[in-house]
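Number of protein chains: 2
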Amino acid sequence: MTQAPLFQRLALLGCGLIGSSIARAAKARGGIASEIVANARSPKSLARIAELGIADRVEADPAEAVRGADCVILCAPVGAYAALATAIAPHLAPGAILSDVGSTKQSVIRDVGPLVPAGVHFVPAHPLAGTEHSGPDAGFATLFEGRWCLLTPPPGTDPASVARIESLWRGMGSMVSVMEPAHHDRVLAIVSHLPHLIAFTICGTADDLADETRQQVLQFAASGFRDFTRIAASDPEMWRDVFLNNREALLEMLARFTEDAQAMAKAVRWGDAAYIEDKIERGRKIRRSLIEINQA
Amino acid sequence: MTQAPLFQRLALLGCGLIGSSIARAAKARGGIASEIVANARSPKSLARIAELGIADRVEADPAEAVRGADCVILCAPVGAYAALATAIAPHLAPGAILSDVGSTKQSVIRDVGPLVPAGVHFVPAHPLAGTEHSGPDAGFATLFEGRWCLLTPPPGTDPASVARIESLWRGMGSMVSVMEPAHHDRVLAIVSHLPHLIAFTICGTADDLADETRQQVLQFAASGFRDFTRIAASDPEMWRDVFLNNREALLEMLARFTEDAQAMAKAVRWGDAAYIEDKIERGRKIRRSLIEINQA
Numbered sequence: 001m002t003q004a005p006l007f008q009r010l011a012l013l014g015c016g017l018i019g020s021s022i023a024r025a026a027k028a029r030g031g032i033a034s035e036i037v038a039n040a041r042s043p044k045s046l047a048r049i050a051e052l053g054i055a056d057r058v059e060a061d062p063a064e065a066v067r068g069a070d071c072v073i074l075c076a077p078v079g080a081y082a083a084l085a086t087a088i089a090p091h092l093a094p095g096a097i098l099s100d101v102g103s104t105k106q107s108v109i110r111d112v113g114p115l116v117p118a119g120v121h122f123v124p125a126h127p128l129a130g131t132e133h134s135g136p137d138a139g140f141a142t143l144f145e146g147r148w149c150l151l152t153p154p155p156g157t158d159p160a161s162v163a164r165i166e167s168l169w170r171g172m173g174s175m176v177s178v179m180e181p182a183h184h185d186r187v188l189a190i191v192s193h194l195p196h197l198i199a200f201t202i203c204g205t206a207d208d209l210a211d212e213t214r215q216q217v218l219q220f221a222a223s224g225f226r227d228f229t230r231i232a233a234s235d236p237e238m239w240r241d242v243f244l245n246n247r248e249a250l251l252e253m254l255a256r257f258t259e260d261a262q263a264m265a266k267a268v269r270w271g272d273a274a275y276i277e278d279k280i281e282r283g284r285k286i287r288r289s290l291i292e293i294n295q296a
Numbered sequence: 001m002t003q004a005p006l007f008q009r010l011a012l013l014g015c016g017l018i019g020s021s022i023a024r025a026a027k028a029r030g031g032i033a034s035e036i037v038a039n040a041r042s043p044k045s046l047a048r049i050a051e052l053g054i055a056d057r058v059e060a061d062p063a064e065a066v067r068g069a070d071c072v073i074l075c076a077p078v079g080a081y082a083a084l085a086t087a088i089a090p091h092l093a094p095g096a097i098l099s100d101v102g103s104t105k106q107s108v109i110r111d112v113g114p115l116v117p118a119g120v121h122f123v124p125a126h127p128l129a130g131t132e133h134s135g136p137d138a139g140f141a142t143l144f145e146g147r148w149c150l151l152t153p154p155p156g157t158d159p160a161s162v163a164r165i166e167s168l169w170r171g172m173g174s175m176v177s178v179m180e181p182a183h184h185d186r187v188l189a190i191v192s193h194l195p196h197l198i199a200f201t202i203c204g205t206a207d208d209l210a211d212e213t214r215q216q217v218l219q220f221a222a223s224g225f226r227d228f229t230r231i232a233a234s235d236p237e238m239w240r241d242v243f244l245n246n247r248e249a250l251l252e253m254l255a256r257f258t259e260d261a262q263a264m265a266k267a268v269r270w271g272d273a274a275y276i277e278d279k280i281e282r283g284r285k286i287r288r289s290l291i292e293i294n295q296a
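Going line by line, the protein sequences match chains C and H.
For the first sequence, this note's numbering puts the final residue at 296, and the numbers step up evenly by one.
For the second sequence, this note's numbering puts the final residue at 296, and the numbers step up evenly by one.
There's no promise every hint is true.
Copies of the same chain look alike in the list, so a pair counts if it fits in one copy or across any two.
Said to hold, decoys possible - SDA-like mimics (lysine to any residue), calculated; alpha carbons at most 25 Å apart, straight line:
| # | residue 1 | residue 2 |
| --- | --- | --- |
| 1 | K44 | G135 |
| 2 | K285 | R147 |
| 3 | K285 | A274 |
| 4 | K44 | E212 |
| 5 | K285 | E212 |
| 6 | K44 | D137 |
| 7 | K285 | R29 |
| 8 | K266 | D278 |
| 9 | K27 | R256 |
No lab work stands behind these hints, which were simulated from the structure alone.
One chain only, chain C, in its complex shape:
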């Protein structure tokens, strides 16, 4: 006799890299959901999800998709959450858990929180996993294995619901940590959002160079720039929404970074070798710390 699955019906609203990976992981692992219902905004994505067979059912209407689901996960760009939550709120089953996978957590609590009906449990989550690819074809069942998923439940959230979302992510192979939403947004601003903003920006800076140089930039892209372009290949709509919804933390981290870059520029201009070497050594130190805690 097998154990009852964690959820009877899991509804995924949005089925790109992350949503389709949840569907695949839940199918592959078993014990997570008896039925998976997938919704996507575009008819093309809906058709592709049906074709891939990664969900038990495909629904064009989010309100239909969440009907009778005991777990609903928002997997669209965070800028679409308010409209999605408005559309589904009246149709959420009593006792259901509403979660998400967005990269910004204060904005999600601000946009979705007030729309959650009484008796529905709202447990915001953010899996720190992804690739530079997007769309239903980009997902894979092992995406979350060994990666962190951060939960940011607002004060007063039902602990049993938090525990079930934790079980969901652990069931897909993730490590789980609970974090205060504002702190999450600051940490993610420096580890993820600012690096992406920088990567997008430097690609534009290179693209603005005179024609001959731009051609050679592409031809001779050494490892540094090539790594940046890989990061910069990520989904534009998702990242646009992340930047706009983590504005304050992102601008603060960018301001700190810019001050530090200007200090480095000054050292380069004035030939301050000791300053430059010290900053480079700090980079190595951070790299070593990262390796030590098995994140590298």
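Once you have looked at the hints, place chain H on chain C.
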């Protein structure tokens, strides 16, 4: 009967990642040099090179190392070139080729060019290859395969010597292109030097955050930051010298990048979604161009 090797005696001054990879590649491929002489600044490196057996002979004195060599390659950080060239100049064999592997080319021509004796052919070169590791143990025989090596011979350089250095790099599996030194320095400033400066800087910015956040930065380093720390693990002395010796192009590219980052910050602050999306799309476009020309 085998063909005569390209060089009778190849002297490598500096034997870190690049120098030791040349030694290994030349040994592994054959047809490149009958004898390889390696020199390094530190007794520890010298001992390690002897232990690894990647050179036929190890010489502590650069003047001794270049004696009778028909090809001498400077493989030390570019800031050490002037002193090295001064030490070896009187001992270079007539007709020998003097080359290098430095990441900045105008500075090399400025520092080394005037010291090259009449009858010695100076052919500056820069292999666009490397990893974030350094030292004699970091090298490997296939490092240059499929990578570009850029030659920046000053006007009037002996074409036969340029052709031999081209053969050397092609013999180790590289593609070779000739470029004007100032143009090289501008292109490398944006594809390599600025990305490294940014990576070193953002690691410092993260390291300056309050204790609790810094711990979580390390714990939850998502892909963006982790990629930056990999770049930032590179050799401090080498990169310090690169920054100081490509000052003007690097500062210009950093200024352009900073303007673009500030424009992005303004768009984030004022919620200009179209601007942000357009910049991200440009990043993707550059990535696609890179993939199309097989550099990704």
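Hint by hint, here is what the structure shows:
Taking the shortest Cα distances, K44 and G135 sit within 25 Å of each other inside one copy (10 Å), while across copies they are farther apart (52 Å). Taking identical chains as interchangeable, the C-alpha atoms of K285 and R147 lie at most 25 Å apart only when both belong to the same chain, with a minimum of 23 Å there against 29 Å between chains. Within a single copy, K285 and A274 get their C-alpha atoms as close as 16 Å, which meets the 25 Å cut-off; across copies the closest is 39 Å, which misses it. Within a single copy, K44 and E212 get their C-alpha atoms no closer than 39 Å, and across copies no closer than 44 Å, so neither meets the 25 Å cut-off.
Taking CA atoms no more than 25 Å apart as the test, K285 paired with E212 passes between copies only; the shortest distance there is 17 Å, against 38 Å inside one copy. In this homomeric assembly, K44 and D137 come within 25 Å of each other (Cα to Cα) only inside a single copy, at 12 Å, whereas the closest approach across copies is 52 Å. When the C-alpha separation of K285 and R29 is checked against a cutoff of 25 Å, the pair qualifies neither within a copy, at 38 Å, nor between copies, at 37 Å. For a Cα distance limit of 25 Å, the shortest separation of K266 from D278 inside one copy, 14 Å, qualifies, whereas the shortest one across copies, 31 Å, does not.
Taking identical chains as interchangeable, the C-alpha atoms of K27 and R256 are never at most 25 Å apart, the minima being 44 Å within one chain and 48 Å between chains.
Taken one by one, the earlier hints fail for this structure at numbers 4, 7 and 9, listed in ascending order.
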